[in-house]
Amino acid sequence: MNPIVVLGSGLAGYTVIRELRKLNRDIPITLVSRDSGDYYSKPMLSNAFAQHKDATNLVLNSATEMAKQLDIQLFTHTEVGAIHRADKKLETSVGTLHYDRLVLALGADPIRILLQGDAANEVMSVNDLADYAELREALNGVKSIAIMGGGLIGCEFANDWAAAGCAVTVIDPGAYPLASLMPEQAGTQLLQPLAQLGVTWRFGTSIQRMDKAATGYTLTLAGDSTLNADLVISAVGLRPRTQLANDAGLAINRGIVVDEQLRSNDASIFALGDCAEIQGKVQPFVLPIMHAGRALARVLNGEAAKVQFPAMPVVVKTPAHPVAVAPVARDAVGAWKELASGHGVKMGFFDGQNKMIGFVLTGEFAGERSEMTKLLAV
Amino acid sequence: MKVWQCVVCGFIYDEKVGLPEEGIKPGTAWADIPESWACPDCGVAKADFEMVEV
Chain F
1 MNPIVVLGSG LAGYTVIREL RKLNRDIPIT LVSRDSGDYY SKPMLSNAFA QHKDATNLVL
61 NSATEMAKQL DIQLFTHTEV GAIHRADKKL ETSVGTLHYD RLVLALGADP IRILLQGDAA
121 NEVMSVNDLA DYAELREALN GVKSIAIMGG GLIGCEFAND WAAAGCAVTV IDPGAYPLAS
181 LMPEQAGTQL LQPLAQLGVT WRFGTSIQRM DKAATGYTLT LAGDSTLNAD LVISAVGLRP
241 RTQLANDAGL AINRGIVVDE QLRSNDASIF ALGDCAEIQG KVQPFVLPIM HAGRALARVL
301 NGEAAKVQFP AMPVVVKTPA HPVAVAPVAR DAVGAWKELA SGHGVKMGFF DGQNKMIGFV
361 LTGEFAGERS EMTKLLAV
Chain H
1 MKVWQCVVCG FIYDEKVGLP EEGIKPGTAW ADIPESWACP DCGVAKADFE MVEV
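Residue numbers (this note's numbering), protein chains in the order written: chain F, 1 to 378; chain H, 1 to 54.
For reference, chain F alone in the conformation it holds in the complex (with noise of 0.2 angstroms):
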């Protein structure tokens, strides 16, 4: 019998194998893997420079130890060129493989923007551990740090390296920050703390152009203000890696279309994670990984399953002022109404119903999470 084999070794890849394995002992599974196959926290990527730990303190378990205690057959290293659908196999690096059933678990890439000057094409981002590994080298020595973006990535980030003493500026075209998730009573409460800790902030305007000199860069804001930095990076968001099952044909809108199976198109591949779009929805955090990957797992064991996701709140790690947010859709019906107030905020979004769908905490009310979210309808 062909393997079940899936693609790439992030949480998403990882966590439906775990899943399976602790359901089926003996199915075949074969994981490629186009980065190492070492098993690591990608959340720890945004706090681990304070605490001063490089890429290979963050492994948790290595490829060759992942492959033991979950008995797969692993691949690292390896490109996947092509799928044959009709022929159930792929093209690899490192041959043919065959498969029963395919599990697209591809991430996600950052967001380019596009910049003018002569070091445009210096600008860093950090969404793997590779990445953190040459941003630890690059940080060497570095003074003055701007990233673009103030959501949830450049949040994190720029407390992180503030917190390490750096200077950190954030260049953002909104109003201020983590804008996409919460409104902006809850988003200014950040303002203040991170400023305190170092980091400038500067909102309605974006990078325009990144030129070297004499030491790192400078940068040109809209505007025509200039400002200098010895680093540059970019976290303005994601977007989902759909190429390779566009080129097979399969259904692609934002992400790899999925239903509630996490089944695309053809009934023989599925997707989860950063790269898929599930139910109209594309949600590159934790939580949804971890319910689409234990619903997979049934799935691909032989059971009825279908993925519910509850209230799954996000936290955003800004120790100088934590936040916790269950966001709403950005269409949604009704209105923030703030709960309590002191040092943060604690707001609930309500539907017509006057029903809770939504909440943001922050500050001093960022350990109720766990309480609101019982609060909360689904």
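Be aware that one or more of the hints could be misleading.
Unchecked claim - Taking CB as the label site, the calculated pair distances span:
hint	chain 1	residue 1	chain 2	residue 2	range
1	H	Gly-27	F	Lys-22	25 to 35 angstroms
2	F	Glu-65	H	Pro-20	44 to 54 angstroms
3	H	Lys-2	F	Thr-226	53 to 63 angstroms
4	F	Glu-65	H	Lys-16	39 to 49 angstroms
Simulated from the structure, these hints should not be mistaken for laboratory data. By construction, the Cβ of each residue, glycine as well, lies at the ideal position given by its N, Cα and C atoms.
Chain F is fixed; fit chain H onto it per the hints.
Structure of chain H alone, referenced to chain F:
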């Protein structure tokens, strides 16, 4: 007394230390923590912790 680690974010639960800030007393065995408990760092469920050797 055992030590458990969140497989997602690396958070450590040490039975000896407990989690007093969450009302879990020092010396609380992992088995006695309610199933509804979630990792304080990343929010994943109790089922996603593994035992680690120290």
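Checklist entry - Quick one: are Lys-2(H) and Thr-226(F) within 53 to 63 angstroms, going by C-beta? => result 56 angstroms, holds
Checklist entry - Do the Cβ positions of Glu-65(F) and Pro-20(H) conform to the proposed distance bound of 44 to 54 angstroms? => result 33 angstroms, violated
Checklist entry - Between Glu-65(F) and Lys-16(H), is the Cβ distance one that fits in 39 to 49 angstroms? => result 26 angstroms, violated
Checklist entry - Holds or violated: 25 to 35 angstroms for the Cβ distance of Gly-27(H) and Lys-22(F)? => result 29 angstroms, holds
Of the numbered hints given earlier, the model fails hints 2, 4; all others are met.
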